[in-house]
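S.K.: This is what each chain is made of:
Protein chains: 2
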Amino acid sequence: MPELRKDPIIGRWVIIATERFKRPSDFVSEPAEPSPGFCPFDEGNEDRTPPEIVAYRNPDTAPNTPGWTLRVVPNKFPALEVEGVLGKRGVGIYDQMNGIGAHEVIIETPKHETTLTALSLPHIRDVLWVYRERLIDLDQDNRLNYGMVFKNVGRVAGASLEHTHSQIIVLPITPRTVAAEMHGGKVFHDYRGRCIFCDMVLQEQDSGSRVVYDGDGFLAIEPYAARFPFETWILPKEHSSRYQDITTGGAEGLARCLRTVLLKLEVLLNMPPYNYIIHTTPFDLGPVPHYHWHIEIIPRLTKVAGFEWGTGFYINPLPPETAAEHLRQTNVET
Amino acid sequence: MPELRKDPIIGRWVIIATERFKRPSDFVSEPAEPSPGFCPFDEGNEDRTPPEIVAYRNPDTAPNTPGWTLRVVPNKFPALEVEGVLGKRGVGIYDQMNGIGAHEVIIETPKHETTLTALSLPHIRDVLWVYRERLIDLDQDNRLNYGMVFKNVGRVAGASLEHTHSQIIVLPITPRTVAAEMHGGKVFHDYRGRCIFCDMVLQEQDSGSRVVYDGDGFLAIEPYAARFPFETWILPKEHSSRYQDITTGGAEGLARCLRTVLLKLEVLLNMPPYNYIIHTTPFDLGPVPHYHWHIEIIPRLTKVAGFEWGTGFYINPLPPETAAEHLRQTNVET
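Chains A and B, in that order, are what the protein sequence lines are. Those letters in the first sequence? Residues 2 to 335, per this note's numbering, in order. Those letters in the second sequence? Residues 2 to 335, per this note's numbering, in order.
The following block holds chain A by itself, in its conformation from the complex:
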């Protein structure tokens, strides 16, 4: 059973994998680029993944056989385990609990595509829709508190398979960054009576200098205090605190916005490694006026040096206004 351990000073939680014993030599060599050989995510290889949790498939086909367009399966090497109790306990000044949680993989297509942008808009909408479905389902588990949807593309960004896929990790605790965002949003709302993200949407549309794409229901910007070159955020233009509340129309608008932005990044930066993460509210919260879900896309172009790690303080060599201009000028078809 993995352990969740809390740093006693700043309260940062860490998942300590205790299952697989690793030797020091395992950490010395660079992991290889995802292999283009056998792929367990390809159609026909359904028996090489754990049994599917959900699939969008032809109703005449059986689970875990071909005939699907989208499958959600448990991660074969999960960071957390579904079965068990939290078992919260102290060890002197330290706090820990069992590594209970869910870790699922969304296989976005039966074909061996290596990028989400290879899929059609309705297909991407389905991917976004199944994120919602899984979050709603996992919210039922009282032990769990936060569902994090994310995507790793490229070895540098942490991907071990090249077949386009996303992941959901569901945790018994709310991540620090999200808690800090919730707190910051609350302080602003208490003081000014508005959602700070809604204010940001309006100010960015007004200025225009950091806008990458302004589409049906969604705005893509380079954030004012971008940490990284070409860091891009996608926000719903109307206030909405929970990703799960997205409508089918909303998912269509988001699919178009996401596909456009990713295509621009792929064309301009020659298929960069990247991560995206959906930031939404913890499970135990209904809709709130002070938080606003969004997607953060982080191309992994620069090395992070010691001082960024140690301090949470970043040096960005490219002004977001310059990045936005390049992205606006990059024409793509969607």
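One should not assume that every hint holds.
Where chains are identical, the list cannot tell them apart; a pair therefore holds if satisfied intra-copy or between any two copies.
[Claimed, not checked] Keeping only pairs whose Cα atoms sit at most 30 Å apart, straight-line, the calculated DSBU-like set for lysine-lysine is:
id, residue 1, residue 2
1, K112, K304
2, K112, K238
3, K7, K304
4, K187, K304
5, K89, K112
6, K89, K187
7, K187, K7
8, K7, K77
9, K238, K77
10, K238, K304
11, K238, K7
12, K77, K187
13, K7, K112
14, K187, K112
15, K7, K89
16, K77, K89
17, K238, K187
18, K112, K77
Don't read these hints as lab results, they were simulated from the structure. Here the structure is a predicted model, which is why all the values come from computation and not from measurement.
Given the structure of chain A, go ahead and fit chain B onto it with the hints provided.
M.R.: Below, chain B without anything else, positioned relative to chain A:
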């Protein structure tokens, strides 16, 4: 002039470099390993760095000529500029100020050594002593609030030159992580009346399972909630909140502890890329009972994936107890 910009939601400050215009293609290709060719840090090349601020040198020699054992020079490509005013201002919901600060390089030896551990103990003590000297001097500048000493080793860890060196960045604001540590330490001290780091030192010595090295005045441990394999912290065993208060005897003990730990990491992990960062209090604070300076050493062995970025939540595939055992069993001479 670079800009300091504040994320309006969580208050994270970012340095936005606006001086050098970069093209998107600058971010596409991987930076090369530090070149073993011409080195501006070697003895005899003093005219290839900005003029020295401090040097430990033979008193018969002139500044910026050979005859030194240690030089501190301004960074040739500084992230921040020394001259100017802060010029704090708002832009709608956003806050910014001029990128005022200091960025210095400590060239640790005139010989072309690629690792700190190649130096003798008295030489390493001098490196640690000049950190103190620079922090005390830079503390005089009323515009500046925090001095961060760090080291990048290897391309993966952000180094652009292989000649062993450290850096100091001095900022007008306190980094988020340090502020969070100060806050956590304060909350613990208010509640229990003790320093949480002192408690940690005692509990780690008592348990022993995460101890790497217990030496004269300093303890090296794998922290309980380690984020990374072989993440190692060095703490003074006696309470001390400010690195600048280190004594000459303390610097000797720290030199031995640091050299031992780095040698163990180098032998066990085959010269890994790594960063270290000194965490100490902001300038405007005298000695305090609730904070305890320390060094965090982070070998850069694993890739950080999307969800770590997005959430400040880490998965560590190696229990710190296992890492500590390997490091204890790695024998090195100091």
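S.K.: Checking an output row: K187 and K304, CA cutoff 30 Å. Within, between, both or neither?
M.R.: neither (33 Å within a copy, 33 Å between copies)
S.K.: Classify it for me, K187 with K112: is the Cα-Cα distance of at most 30 Å met within a copy, between copies, both or neither?
M.R.: This pair counts as neither: shortest intra-copy Cα distance 44 Å, inter-copy 55 Å.
S.K.: With 30 Å as the alpha-carbon cut-off, assign the pair K238 and K187 to within, between, both or neither.
M.R.: Answer is within: at 19 Å inside a copy they meet the 30 Å cutoff, but 40 Å across does not.
S.K.: When Cα atoms must be at most 30 Å apart, do K112 and K304 count as within-copy, between-copy, both, or neither?
M.R.: between (32 Å within a copy, 27 Å between copies)
S.K.: Up to 30 Å between alpha-carbons, please classify K187 paired with K7: within, between, both or neither.
M.R.: both (24 Å within a copy, 17 Å between copies)
S.K.: How would you label the pair K112, K238 (within, between, both, or neither) given a Cα cut-off of 30 Å?
M.R.: This pair counts as neither: shortest intra-copy Cα distance 33 Å, inter-copy 58 Å.
S.K.: Up to 30 Å between alpha-carbons, please classify K77 paired with K187: within, between, both or neither.
M.R.: neither (38 Å within a copy, 42 Å between copies)
S.K.: Treating 30 Å as the Cα threshold, decide for K89 and K187: within, between, both or neither.
M.R.: both (28 Å within a copy, 24 Å between copies)
S.K.: I want to check one pair: K7 and K89. Are their C-alpha atoms no more than 30 Å apart within a copy, between two copies, both, or neither?
M.R.: within (11 Å within a copy, 36 Å between copies)
S.K.: At most 30 Å between alpha carbons: which applies to K238 and K77, within, between, both or neither?
M.R.: neither (37 Å within a copy, 43 Å between copies)
S.K.: Give the relationship of K7 and K112 under a CA distance limit of 30 Å: within one copy only, between copies only, both, or neither.
M.R.: Result: close neither inside a copy nor across copies, 41 Å intra and 43 Å inter.
S.K.: With 30 Å as the alpha-carbon cut-off, assign the pair K89 and K112 to within, between, both or neither.
M.R.: neither (43 Å within a copy, 53 Å between copies)
Going down the numbered hints, you'll see the structure goes against 2, 4, 5, 9, 10, 12, 13, 14, while the others check out.
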